[in-house]
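Visitor: Chains as they are written, first to last, in numbering that gives the first Met the number 0: chain L, 0 to 331; chain H, 0 to 331.
Be a bit skeptical, because a hint or two may be false.
Identical chains blur together in the list; that is why a pair holds if it fits in one copy or across any two.
Unchecked claim - In silico lysine-lysine, PhoX-like type, Cα no more than 25 Å apart, as pairs:
{"no.": "1", "residue 1": "K262", "residue 2": "K153"}
{"no.": "2", "residue 1": "K113", "residue 2": "K143"}
{"no.": "3", "residue 1": "K131", "residue 2": "K158"}
{"no.": "4", "residue 1": "K272", "residue 2": "K113"}
{"no.": "5", "residue 1": "K113", "residue 2": "K158"}
{"no.": "6", "residue 1": "K113", "residue 2": "K262"}
{"no.": "7", "residue 1": "K153", "residue 2": "K208"}
{"no.": "8", "residue 1": "K131", "residue 2": "K143"}
Derived by calculation from the structure, the hints in this document are not laboratory data.
Protein chains: 2
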Amino acid sequence: MAILALHGGAGGDGPWRGMTALDPQRLACMERILHDLGPRLEAGEINALEAVTLAVESMEDEPLYNAGRGSVLAADERVYMDASIMQGSDQAAGSVVNVESTRHPIRAAHLLLKEGWPVMLNAAAADAFAEKNGLEQVDLDWLKTDLRQAQWAKWHNEKSRPGSTDEDDEAVLDHDLGEAEGMGTVGAVALDSSGNLAAATSTGGMTGKPIGRIGDTPIIGAGTWCDPSVAVSCTGVGEAFIRTCAAHEVAVQLRNDSGNLAKACDTVLEMVKPMGGRGGIIAISRSGEVALPFQTMLMYRGLWRAGRITTGIGNEEYSSKPTTLGQNTGLP
Amino acid sequence: MAILALHGGAGGDGPWRGMTALDPQRLACMERILHDLGPRLEAGEINALEAVTLAVESMEDEPLYNAGRGSVLAADERVYMDASIMQGSDQAAGSVVNVESTRHPIRAAHLLLKEGWPVMLNAAAADAFAEKNGLEQVDLDWLKTDLRQAQWAKWHNEKSRPGSTDEDDEAVLDHDLGEAEGMGTVGAVALDSSGNLAAATSTGGMTGKPIGRIGDTPIIGAGTWCDPSVAVSCTGVGEAFIRTCAAHEVAVQLRNDSGNLAKACDTVLEMVKPMGGRGGIIAISRSGEVALPFQTMLMYRGLWRAGRITTGIGNEEYSSKPTTLGQNTGLP
Numbered sequence: 000m001a002i003l004a005l006h007g008g009a010g011g012d013g014p015w016r017g018m019t020a021l022d023p024q025r026l027a028c029m030e031r032i033l034h035d036l037g038p039r040l041e042a043g044e045i046n047a048l049e050a051v052t053l054a055v056e057s058m059e060d061e062p063l064y065n066a067g068r069g070s071v072l073a074a075d076e077r078v079y080m081d082a083s084i085m086q087g088s089d090q091a092a093g094s095v096v097n098v099e100s101t102r103h104p105i106r107a108a109h110l111l112l113k114e115g116w117p118v119m120l121n122a123a124a125a126d127a128f129a130e131k132n133g134l135e136q137v138d139l140d141w142l143k144t145d146l147r148q149a150q151w152a153k154w155h156n157e158k159s160r161p162g163s164t165d166e167d168d169e170a171v172l173d174h175d176l177g178e179a180e181g182m183g184t185v186g187a188v189a190l191d192s193s194g195n196l197a198a199a200t201s202t203g204g205m206t207g208k209p210i211g212r213i214g215d216t217p218i219i220g221a222g223t224w225c226d227p228s229v230a231v232s233c234t235g236v237g238e239a240f241i242r243t244c245a246a247h248e249v250a251v252q253l254r255n256d257s258g259n260l261a262k263a264c265d266t267v268l269e270m271v272k273p274m275g276g277r278g279g280i281i282a283i284s285r286s287g288e289v290a291l292p293f294q295t296m297l298m299y300r301g302l303w304r305a306g307r308i309t310t311g312i313g314n315e316e317y318s319s320k321p322t323t324l325g326q327n328t329g330l331p
Numbered sequence: 000m001a002i003l004a005l006h007g008g009a010g011g012d013g014p015w016r017g018m019t020a021l022d023p024q025r026l027a028c029m030e031r032i033l034h035d036l037g038p039r040l041e042a043g044e045i046n047a048l049e050a051v052t053l054a055v056e057s058m059e060d061e062p063l064y065n066a067g068r069g070s071v072l073a074a075d076e077r078v079y080m081d082a083s084i085m086q087g088s089d090q091a092a093g094s095v096v097n098v099e100s101t102r103h104p105i106r107a108a109h110l111l112l113k114e115g116w117p118v119m120l121n122a123a124a125a126d127a128f129a130e131k132n133g134l135e136q137v138d139l140d141w142l143k144t145d146l147r148q149a150q151w152a153k154w155h156n157e158k159s160r161p162g163s164t165d166e167d168d169e170a171v172l173d174h175d176l177g178e179a180e181g182m183g184t185v186g187a188v189a190l191d192s193s194g195n196l197a198a199a200t201s202t203g204g205m206t207g208k209p210i211g212r213i214g215d216t217p218i219i220g221a222g223t224w225c226d227p228s229v230a231v232s233c234t235g236v237g238e239a240f241i242r243t244c245a246a247h248e249v250a251v252q253l254r255n256d257s258g259n260l261a262k263a264c265d266t267v268l269e270m271v272k273p274m275g276g277r278g279g280i281i282a283i284s285r286s287g288e289v290a291l292p293f294q295t296m297l298m299y300r301g302l303w304r305a306g307r308i309t310t311g312i313g314n315e316e317y318s319s320k321p322t323t324l325g326q327n328t329g330l331p
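Please put together the full structure from these sequences, using the hints given.
Guide: Put into structure tokens, the structure is as follows:
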């Protein structure tokens, strides 16, 4: 039994109002990934660690997700990306913080995991490590997209308006650009045919974030966790996930209430709330349980299990046979 | 009932061989802090959060501890400091990563906690935040001490020697300079007279660390944790503490085995071992239990409880009446 689950960020308030013009492209990216990697994971051609790495790399390349190319812009109009990865067997981990030129931050984190030490590398040193190990380096202009530039401009204008609040900013971003809070952090969790678990998460952070802000995504235990029992990737208001050690807490809750992964995730989302945080979690347990809960308007998500692909945005779910991929998904 | 506990880092192999020439100065620093802050904490003049901040600030100023002034030098002979702080009541937290010019990194983390968002700030942005908020900025020359320069030179020479290993390096540092692995990370945990808990940790990392390496000290859940039940500060091989979410795991173990803090800490130190990590933990529970375990040769530590001050390095313990402070401690 092999399983691969993905998320493309959680966000938004109120009931889901259906797909925006850009959503089909987001779902098509997930379907493509699940269609490609699911069978390879099932066949033992790739292990869980490689599957989550490849999945997140593909989402980092999709400009409509907020990671790698298409990352949102920080207060200074630049891109600062965070990523982390962990495998269950020995709890080896890797993390890069505030990288600026590595095309695939998750692969840099993966290389740190493989090297074994250190677990975390920061900023220019992480980009240099990636480059030294042959990972592609890209320009800021390549990472930036028109959509993210427009979101940044709106954020900047609203911020400059007298009496504006952060909440106003988000409302403007939501409606005009078909975005729910512009989060779009990406993540993947996998169980391979040998019973190994792995988890990975990658993000550009949030539009207009202060320079130097570090969210939960690169923090082992907050945004990403994996041990022999469970693989977890979180998305949402990062600070609340840090203050609750959210990803690790999922493992703890599962340990205490063995076999009920859905309940463990729900409990953790309830713990995050009083800290002002909302978001979503994707998790797979060693026994093959899957949970993809979210407490926001939506969470972009996808699942490959037993040859079947399921995707979703709001509370609805789409199923597709891999063979019909690309025919009705809006994929260019 | 108010309690304040401190650590000045754990390290070393084999049996403790007694005090080095420099150890009295380290203990005197702790006694001074406990003598000053203990009664003020007991009287309710300062709360737990302020007590751990003031305690760590004082250890950051003591050049024989590896935090603030006297931080060890990274591979490039510069100083990169990490610190984090957390309070139990609402799990508010603050963290600064790889700061270079802020005299008291823990106070910068404290200010982030007070601001509420973001929790973590990185490098130059964290120094700029500190400066903007009136925190003293210092030069690299002020932070660097002759002792740390000598340790760096030894590390550099040994590294350049054919066939050398990291273990050789550490052995040389130990004996010639009266240092046990040169760790000396500092931390404090406190319970105040209103029942509030707080924890704080600060470090310069390790001699010759790769530029950009982030250890467990600034990671909420790894090096520092505090919730309504327990305050925890860890010291040791940072990567292993990250991969086990060690500080948070202490809270988890205590939750599962209510009231046995010593056992919780011991369990966590056993979890850290298979990851190649050893170290120490200081923790205080809401009910006033204290645990200061370590699995290394030594852990510099101090405790103020009920008007009594206790300090220790190896397995021995020293008690002192506050009034005799400075008379027989080797304090200059």
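Visitor: So which of the earlier hints does this model not fit?
Guide: 1, 2 and 6
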